[in-house]
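Chemist: Chains as they are written, first to last, in this note's numbering: chain X, 39 to 188; chain D, 4 to 141.
Please keep in mind that the hints were generated in silico from the structure rather than gathered at the bench. Honestly, I wouldn't trust all of these hints.
[As the list claims (entries may be wrong)] Example chain X residues on the side facing chain D (calculated, C-beta under 10 angstroms, incomplete):
1. 64
2. 68
3. 74
4. 89
5. 98
6. 99
7. 101
8. 116
9. 122
10. 123
For glycine and all other residues, C-beta sits at the position ideal for the given N, C-alpha and C.
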Amino acid sequence: MSDPLPAGVVDRVEYDVERGKIREFTRATFTTDPVHTDPAAARDAGFRDAPATLTHTVVAGHQRDQRAFVDSLGLALARVVVGSVTWTYLRPLTAGDHVVGTRRVVDDVQREGKRGGTMRVVALETEYVDAVGEPVVRLEEVLIERGEQR
Amino acid sequence: MRTPAKVRVGDAPDTRVVGPISQTDIVRFAGAGGDFNPLHHDPGFVATTGFPGVIAMGQMQAGILAGWLSDTFGVEHVRSFGVRFVAPVLLGDTLTLGGTVVTITETNGESLATLDLVASGDKGPVVTGSATVVVAAA
Numbered sequence: 039m040s041d042p043l044p045a046g047v048v049d050r051v052e053y054d055v056e057r058g059k060i061r062e063f064t065r066a067t068f069t070t071d072p073v074h075t076d077p078a079a080a081r082d083a084g085f086r087d088a089p090a091t092l093t094h095t096v097v098a099g100h101q102r103d104q105r106a107f108v109d110s111l112g113l114a115l116a117r118v119v120v121g122s123v124t125w126t127y128l129r130p131l132t133a134g135d136h137v138v139g140t141r142r143v144v145d146d147v148q149r150e151g152k153r154g155g156t157m158r159v160v161a162l163e164t165e166y167v168d169a170v171g172e173p174v175v176r177l178e179e180v181l182i183e184r185g186e187q188r
Numbered sequence: 004m005r006t007p008a009k010v011r012v013g014d015a016p017d018t019r020v021v022g023p024i025s026q027t028d029i030v031r032f033a034g035a036g037g038d039f040n041p042l043h044h045d046p047g048f049v050a051t052t053g054f055p056g057v058i059a060m061g062q063m064q065a066g067i068l069a070g071w072l073s074d075t076f077g078v079e080h081v082r083s084f085g086v087r088f089v090a091p092v093l094l095g096d097t098l099t100l101g102g103t104v105v106t107i108t109e110t111n112g113e114s115l116a117t118l119d120l121v122a123s124g125d126k127g128p129v130v131t132g133s134a135t136v137v138v139a140a141a
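Can you make the complete structure from the sequences, with help from the hints?
Modeler: What follows is the structure, given as structure tokens:
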């Protein structure tokens, strides 16, 4: 489909940040600031176009093959939960941006679960860069694979 | 750029109440975000999983909490936003979103506040989190 990924990279996602999708995501998260939905309000506030909401990178879910990603890590999808997610903003993501996110494994450990059994904790980091290669937003995720029930 | 908010340590800006969460809210978020795991919309599938009913995707309540944060402080002033998923959100839950300023530090002439955040459902916290936000100098 595309070039093979370098070692440690689990997937790469590419997408265009669109006004319509920002509007849709803004409504779905009960966000009310008009800068997200009204380009004139956005410009008045100093943005070059409508800024995306803080967790807009979730939209990359549309472009991703989650099953292939989970399979590539050797995780059992039914036992995987997301423990935590942190976004770091280097500048606001804005309508018209074309971004590429590269997701890497930064930690992968086994731990004793509270209720017995071993759980696996995988830490991932995704850096989104814009069309000129400048970082825009960084995402850290911790996935937990619970131990099998006995 | 808009003027940053003026806050002090200990301040807790007005909370927001969202809900009761409906299946439509969850489907709307699925459409916006692209998460079509049947756990979030298919009661027949949910019955095989051990959950008491359809649950919202964690990213929905994370996004709703983020919306409260950016509506309160301005999206351009938020430097980081982090969440931890504590408990599932079920249909009919009402969410209360809010946070408290815990520290304010001056870095390179900029005032940066850290906030403790929480989204609570009917039975307690569902998401806890923290954020770093540019605020007006005291």
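Chemist: Indicate, hint by hint, whether the structure satisfies it.
Modeler: Tested hints:
| no. | hint | in the structure |
| --- | --- | --- |
| 1 | 64 | holds (8 angstroms) |
| 2 | 68 | holds (5 angstroms) |
| 3 | 74 | holds (7 angstroms) |
| 4 | 89 | holds (5 angstroms) |
| 5 | 98 | holds (8 angstroms) |
| 6 | 99 | holds (4 angstroms) |
| 7 | 101 | holds (8 angstroms) |
| 8 | 116 | holds (8 angstroms) |
| 9 | 122 | holds (4 angstroms) |
| 10 | 123 | holds (6 angstroms) |
Hint compliance for this structure: no hint is broken.
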